[in-house]
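Student: In case you want the letters, here they are:
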Amino acid sequence: MQRAFFGSWTIAVFGFLYVPILLLIAYSFNDSNLNLYWAGFTTKWYGLLFGNEVLLRAFKNSLIVATASTVLAVVIGTSAAWLLHRYRFPAQQFLGLLIFVPMVMPEVLMGVSLLVLFVTLGMPLGFTTMIIAHTTFCFPFVLVGVQARLQGIDPSLEEAAMDLGATPLQAFWLVIVPYLMPAIVAGALMAFTLSFDEYIVSIFTSGSESQTLPLKVYGMVRVGLNPQLNALSTLFIAATALIVVGSQFFTAKKST
Amino acid sequence: MKTHQSKLLAAACAGAILLAGCGKKDDTLNIFCWTEYVPQAVIDKFTQETGIKVAMENYTSNEEMLAKLLAGGGAYDLIQPSEYTVQALHKDGLLQEIDQARVPNIKNLAPEFRNMSFDPGNKYSVPWLAGFVGIVYNAETIPGPVVGFADVFTPENNKRIVVLDDAREIVSWGLAAANIPINDASDANLEKIRPMVKDWLAKVKVYDSDSPKTSLSSGDADIGVVWSGEAALLFKDNPKFQWVLPAEGFHMFVDNLAIPTTARNKDLAEEFMNFILRPDISKMISESFPYYNPNTEARKLLTAEELNNPASYPPGLDVTKAQLFSDIGEQASKVDEYITTLKVQ
Amino acid sequence: MAVSAAAITLAATPSQRRRPGPGPWFFLTPMLGWLLLFVVVPTLMLVVVSMCERDSLGRVIYNFNFENYVRAFDWKWLKILGISVWYAFLTTVICLILGYPVAYFIGRSSERVRGLLIMLVMIPFWTSFLIRTYAWISILSHDGLLNAALMSLRITNTPIGFMYTPFAVVLGLVYNFLPFMILPIYTSVEKLDGSLIEAAYDLGARPARVFGQVVLPLTQPGIAAGVLLVFVPAIAMFAITTLMGGGTNPTIGEVIQNQFTKARNQPFGAALGVLLLILFLFSLWLSSRFRHVEEE
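Protein chains in written order, with this note's numbering: chain A, 1 to 256; chain B, 257 to 601; chain C, 602 to 897.
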C-alpha cells in the first residue's frame, strides 16, 4: 500500500527525468538539422558519427578524464571523510571549511586560478591538469555523501574488528568501506556526472590533445547542435543501460 | 608545387633541428579558434595537401581566447580574433607581422578588405569572414514595414523580441538610434541613452548570443536584432524570415586569422592563411557559415542561392561605408555593468 | 537547514575520536597537500587578484587597493545575489519534495532492484548538458511539444509561453540537480533498519507518525547532505539560468562569468567571488557553532 504510493511517485519522477532523453533519442533518427520538427526517419547521423573522428576523440577524452577524476575523487573523498570522522586533528574546523571551497567557488574562478597556477608551475596543459582540476571540484561531493553515511555509524564496528586483531587500516578496508559502499558508489556517480559535463574548468585547463566533449558541444550551438551528438548520446545511454541491466542479470544468476 | 614546397620546408626544418637544435619548432600547426568556425573538412584537406598536422583548440568568445592567451597557457600559432580584438592585441604588440610574400593569395580579397581601419594593409591579420548585426523578423506575424530599431522596440512587440546578449552591441544600437557615433561609449553618452535603452530592454524576451535563431524558429520570439549568419540560416530554412539593416546605423564585424607573438610555427601559420584564401577553400568555409565572404574569387564560386540570401549579402550594400567596432578597452567593464543594471531593473 | 549537513560534518561526534597517530597522519597528508596546492593557493591568488586593477586588454595590474570591494557593495549586485539565492532555495525545496519519495522507494527496494534503479537515475545525465537542455527547450517552446499536446487536448487554444520564464529556469535547475538530492538521501535510507519501522507499526503508530518520528530523523543526515549538494552549487549556476530564462534575470554566476569574458575585468570578478566564498563559509561556520551549542 505504501509501496504503491512511493512506487508511482518514483515512476512519475522517472518520467520527468526521461522525457527529454526519449526526445533526444527520437531526434537522433530525425532527418533534420535544426531538430525543431519531425522531418523523416533516418540513420544517417549514426553513420556520420562513426566517421567523425574529432567528436569520437573528444568523447573518449571525456571518458578518460571523468573516470580518472572519479577514481581520485573517491579515494581522496572517502579517506578524508573517514579520517576527519575518526580522529581529532588539529584545526579540524578549518579543514572542514576548506573542503567546501571548491564546491562554493564559481567555476570560472576556479578555472582561471588553476590555469595561472599551472602556468606558474610550468605544467603543460593537458590530461594531467584537467584531471587535477576535475578531481578538485568533485571530491567534496564524495566527501559530503560519505560523511552523511558516517553519521550514526556504530563505533563498535571498528572496535570489534580490532578486537579480532585487525590493524586500524585493515579495519577500515575490511569493515568500514563495505559499510560505506552505497555512499561511495553514490559519490562516484555524482563525481563522474560532474566531470563528464564540465565545460568552464575544462576550457581553462585543457590542451589541444585533451579536448573533451563539452568543449566541442558548447561551440556547436552556434551552427545548430549536430544530430550526431544525439546519436552519440543515444549510443552511450544504450551501452550504459545494457551494462547495468546485464550486470544485474549476471549477479542474479550467480546468486541463484 | 605546394606539397613539394612544404615537404622541402619540413625537411629543412628537421635538418635545422638536428643541426642547430632550434628545439622550439614542431611540425604541428596549433590553431586556437571559435568552435566549428574552421570546418573540419578544410583542416583535413590542408593536412592532406601539405602533410602538416593540425592541432585545434576552441573557444566560444574573443575574451575567452584573450584570457587563455594572456595567461600563457598554450603556444598557439593561429588565433581567430574579431576586428576590435586585433586592434587591441596589436596595440599591445602581441601580434606578429605577416610575411605577405608567403601569403600571395591575399590578392583574392576584395579591395575594401585590404585596407580596413583596424589593420591597414593586412599587416597583422587576414580576414576570415565578415558579417553584420541587423534586424530579422517573421514576416508572417510582424506587419511591416520594419526599417530600424524604432520598429523593433514597439509596444506591440513587447516580450516578442530576442536580442544578442552582448552589452557592447546593445549600447551601439542605442548610440546609433540617438545619432551618436557607435564607438563613443563614454559615460556621458551612456547616461544620455539610458531611458531609451531601459525602455527597450523592458520589452526583450530573450537575450542570446549563441543561437538566437532558436527562439525565432520556435515562435517564442518574432523579431530580433541578431548576427547576419543566424538570420541567413533562418532564411535558408524558411523565407518568411526577413532581414533588414537598421536605418539608424549598423556595424560590420570581421573575424580574422592572426599570429600571436608566442607562436612557434609562424611559417606554418602563414601557409594555412594562404591556403584558406584560395577560392575553392574559402567557398567551403562559406558553405558552412553563410556570412559575408570577403574573398571575391571565392564569391564567384558560390551558388545563386547563397548569393541571394539577403542576410549574407545585403542587396545594395556599400561595404566601404560600413562602420566597424574599435576597441573600447576598460570601458567594456562599465558598459557591461550598465546593461546588467538595466536588465535587472 | 541548508547548512546543517556541514554543521554535522564539523561538529564532533563525541568520545570515539582519538588523537591521530603517525598512521592516520600519513594518510591525511596527501589530501592536505592536495588541498593546499589546488585549493588554498588558487584561492589566495584570487584574493590577491581581487585587490588589483586591470589594463585595457584585461590583464591584471598589481596595483593594490580595495576599489573592487567598494564597487561590489552596491544594491544591484546584492539584488542579483538575492535572485540567485531565491532560485537556489526554490530548487532545493522542490528537489527535496520530488526526490525524497524516490530515494525512499529505491532505498527500501530489494538489493538487485536498488542498484538498477540508482543507475537509471544517473544515466540521463551522461548525455551532454546542452543537448538535454535543448531537448527541454523543444518541449517547452512556443511551437514545441508541450503546447502541441495541450492544444490537441483542447486544454488551451493558444500556445502558452513556458520558455524564458522563471518557471523554465526552476524546471531546468530542478531537472539537473534532482540526482544530487536523490543519491545522498538514498544512502541514508539504504541503511535504515527495517525492524525499527516494523516495530513502530507494531506499537500502533499510523504511517504518517512512523514517517515523521522514525524515518525522517534517521534519514536526516542524507537529507542535509542532499540539501547542501543542491543549494550551494545552484547559487553559482549560470548556464541553465541563461539558457532557460533567456538572460532577462541575470544570476550572480552569470555576472561573475561576464567579468571574465565580456567585461574583461577579472579583478572585479575575483572580488565578487571572494565575497561569495566568505558569505558561504561564514554561514557554514555559524551553523556549526549553533549546532555545537545545541548538542551540549
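Calculated from the structure, these hints are not laboratory results.
Remember, predicted model here, so these are calculated numbers, not experimental data.
Be careful, since some hints might not be right.
Unchecked claim - Okay, the calculated bits of chain B under chain C, using three or more residues with CB under 8 Å as the criterion: (1) 310 to 321; (2) 339 to 348; (3) 396 to 403; (4) 449 to 463; (5) 525 to 531; (6) 576 to 590.
Note that the Cβ used here is the ideal one computed from N, Cα and C, for glycine as well.
Student: State for each hint whether it applies.
Tutor: Results of checking the hints against the structure:
1. For the stretch 310 to 321 of chain B, the proposed coverage by chain C is satisfied: 3 residues have a C-beta within less than 8 Å of a C-beta in that chain, meeting the threshold of three.
2. Only residues whose beta carbon comes within less than 8 Å of a beta carbon in chain C count, and the stretch 339 to 348 of chain B has 4; three or more means the coverage holds.
3. Given a C-beta distance limit of less than 8 Å, the hint that chain C covers the stretch 396 to 403 of chain B is violated, as 0 residues qualify and 3 are needed.
4. Only residues whose beta carbon comes within less than 8 Å of a beta carbon in chain C count, and the stretch 449 to 463 of chain B has 4; three or more means the coverage holds.
5. Counting residues of the stretch 525 to 531 of chain B whose C-beta lies closer than 8 Å to any C-beta of chain C gives 0; at least three are required, and the coverage claim is violated.
6. With 5 residues bearing a CB less than 8 Å from a CB of chain C, the stretch 576 to 590 of chain B meets the requirement of three and the coverage assertion stands.
Of the numbered hints given earlier, the model fails hints 3, 5; all others are met.
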